[in-house]
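Chains as they are written, first to last, in this note's numbering: chain A, 1 to 303; chain B, 1001 to 1263.
Treat the hints as calculated values from the structure; they're not laboratory data. For glycine and all other residues, C-beta sits at the position ideal for the given N, C-alpha and C. You may find that some hints are simply not true.
[As the list claims (entries may be wrong)] Computed far set for chain B versus chain A, every beta-carbon distance over 10 Å:
| no. | residue |
| --- | --- |
| 1 | 1006 |
| 2 | 1099 |
| 3 | 1116 |
| 4 | 1181 |
| 5 | 1239 |
[Said to hold, decoys possible] From chain B, some residues computed to sit far from chain A (all C-beta separations above 12 Å):
| no. | residue |
| --- | --- |
| 6 | 1027 |
| 7 | 1049 |
| 8 | 1070 |
| 9 | 1077 |
| 10 | 1111 |
| 11 | 1159 |
| 12 | 1183 |
| 13 | 1199 |
| 14 | 1219 |
| 15 | 1238 |
| 16 | 1241 |
| 17 | 1243 |
| 18 | 1257 |
[Claimed, not checked] According to the in silico footprint, chain A covers these stretches of chain B (three or more CB under 8 Å from chain A):
| no. | stretch |
| --- | --- |
| 19 | 1085-1097 |
| 20 | 1119-1126 |
| 21 | 1143-1153 |
| 22 | 1244-1250 |
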Amino acid sequence: MIKRLLAVVPVVFGVVLLTFLLVHLVPGDPVEVMLGESSPMADRAKLRAELGLDQPLPVQFGQYLKALAQGDFGRSIHTRKPIAQSLKERIPATASLALVSLLIAVMIGLPLGIVAALRAGRWPDSLATILSLSLSAMPHFWLGPLLMLMFGLWLGLLPVSGMGNSLSILLPAMTLGLGLAAILTRMTRASLLEVLHEDFVRTARAKGIEEQQVILRHALRAALLPIVTVLGLQLGGLLAGAVITETVFSWEGVGRLLVESIEKRDYPVTQACVLVIALTYVMVNLMTDLLYSRLDPRIRFAK
Amino acid sequence: MKRWPYLVLIFWSCAVLLSHLIDLQPDHINLEKVLALPNTEAWLGNDDLGRSIVARLLAGAGVSMLVALLVTSITLTVGTLVGLIAGYFGGWVDRLLMQVTDVFLAFPGILLAIAFAAVLGPGLNNLLLALCMTSWVGYARLTRAQALSLRHRQHVLAAESLGAPVMRIMRRHMLPLLAAPLVVEATYSIAGLVIAEASLSFLGLGIQAPHASWGSMLKDGVRYLLVAPHYVLAVGFSLMSLVLAINVLGDQLRDAWDIKRAR
């Protein structure tokens, strides 16, 4: 466990370094790109000094690290607000979106996968396969508008965009969650099918336990491990998908902040958003790994 | 029934050829036909500037094919080379290269490509650059994992003791044995890149107006979603059937060659 924790350190360092270097990838003078060509020299010099771009690269990186360690992401060039504050305002929206999508994915993907595995080769299985294949071929910026049309325009049930209503989280969350549900369905099906042939399932059946109990308590519990791993890995994909989904639905989260900052060429904000999303992903993966070793008795007792 | 992915792919190729052979005038603006429903002149209707959606779909098909094929061939080469070097030499070379790939993999999905495209600025060249910089990693990991075990196979050791140069060992003795999973991975990645190009263009980071791209068409279509749903539906279904076809093709290849997917 200590080893796994230590392995994260160079990755986090690399992520911070790569994000730091982003501004230096800007072709030409980043300060000119950010302020516009007609900006006065005095303003440019001021911004250059504020961002530390007049210093040598290692010094800049040192200052960047030092500020980050104190939770300081710098200031937005446009609003002059501290970026940490904007992030604090936006993170709850993205977090609730991610949680509701995860819930939707589990509620759809798990039962569908179980049914597909139990009826393998028959029509419920084919239906689930077709459904999950087509859902995973739908990028968020196509599934989102499609759901808007179906639920907003044709059925007139749900608010189409914005955050005014407590129901307005449903469409963006479905957009994110359905794609995940597709992956979860296939994973649950494959994982359960593998377990169903194991001896302990036959033993449970031989003892005369009800079929429902055999599936839910014996087979599913053993099949759950790979499913948890996939969920953890996909939660990061959810965060990347949120960038596009939040844009489609005008959902004021971190992803929307990122896209807005790109449009305004507000690079410090862009950097901060990318960093926050990537570090969240690293942390979620770490926790999945740790959880995995807690859940799997073979790993837990091996030491 | 099993052949339908090929049909979609042939259709895609024909669309690309057609858009080059015939001048479909995808940029021709006709303000009398703004957001018109499908009609005899434009089979799928017209967009917000009265341009024919079919013509723009065909032009956009060319862009997505160019991006997908170009980026796949470049990153497949670079990624395989990196993976071979890491797997063959092992030791600190391997540790260093894998540390680099770990950092790239720490950015979920398309996030890093978005970040690169954002700082490089919009346009086709920068889009290609951003996608190339981020999509070599998967091939490197896949190649390295196999190369590690191939490294100590007898035929590789024999070639080595006969004094064969490193490049020759990698190319003639290792590459043929690890090519199959790479081809499967490349097939999936073509679908991924079609989506990635559309995503970046959707965010305004890829292909710029007036040039057609499925992503920027979807972006315009979403703006007029409630008045002209046919626009979004036409683009969306094209994109979906293409991605689905490539993915199914990848599945068929994988099953035919009996490969367990590494991810």
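Hints, verified against the model:
1. 1006: holds (16 Å)
2. 1099: violated (6 Å)
3. 1116: violated (7 Å)
4. 1181: For residue 1181(B), whose nearest Cβ neighbour in chain A is about 18 Å away, the distance exceeds 10 Å, so it holds.
5. 1239: Contrary to the label, residue 1239(B) does not stay out of reach of chain A, its closest Cβ about 6 Å off (not over 10 Å).
6. 1027: At roughly 23 Å from the nearest Cβ of chain A, residue 1027(B) sits farther out than 12 Å, so the non-interface label holds.
7. 1049: Residue 1049(B) clear of chain A: closest Cβ-Cβ about 19 Å, beyond 12 Å.
8. 1070: Answer for residue 1070(B): holds, closest chain A Cβ roughly 20 Å.
9. 1077: With a cut-off of 12 Å, residue 1077(B) remains clear of chain A, as the shortest Cβ separation is near 23 Å.
10. 1111: violated (5 Å)
11. 1159: holds (34 Å)
12. 1183: holds (20 Å)
13. 1199: Given a closest Cβ separation of 6 Å, the condition is violated.
14. 1219: violated (8 Å)
15. 1238: The assertion about residue 1238(B) is violated, with a minimum of 10 Å to chain A.
16. 1241: violated (8 Å)
17. 1243: Per Cβ check, residue 1243(B) is inside 12 Å of chain A; nearest 4 Å; violated.
18. 1257: Since the minimum Cβ distance to chain A is about 18 Å, residue 1257(B) lies beyond 12 Å and the statement holds.
19. 1085-1097: Violated - the stretch 1085-1097 of chain B has 0 residues with a Cβ nearer than 8 Å to chain A, which falls short of three.
20. 1119-1126: That given contact holds, which follows from 3 residues of the stretch 1119-1126 of chain B lying within Cβ reach (below 8 Å) of chain A.
21. 1143-1153: That given contact is violated, which follows from only 0 residues of the stretch 1143-1153 of chain B lying within Cβ reach (below 8 Å) of chain A.
22. 1244-1250: Held - the stretch 1244-1250 of chain B has 3 residues with a Cβ nearer than 8 Å to chain A, which meets the minimum of three.
The earlier numbered hints that this structure contradicts are 2, 3, 5, 10, 13, 14, 15, 16, 17, 19, 21.
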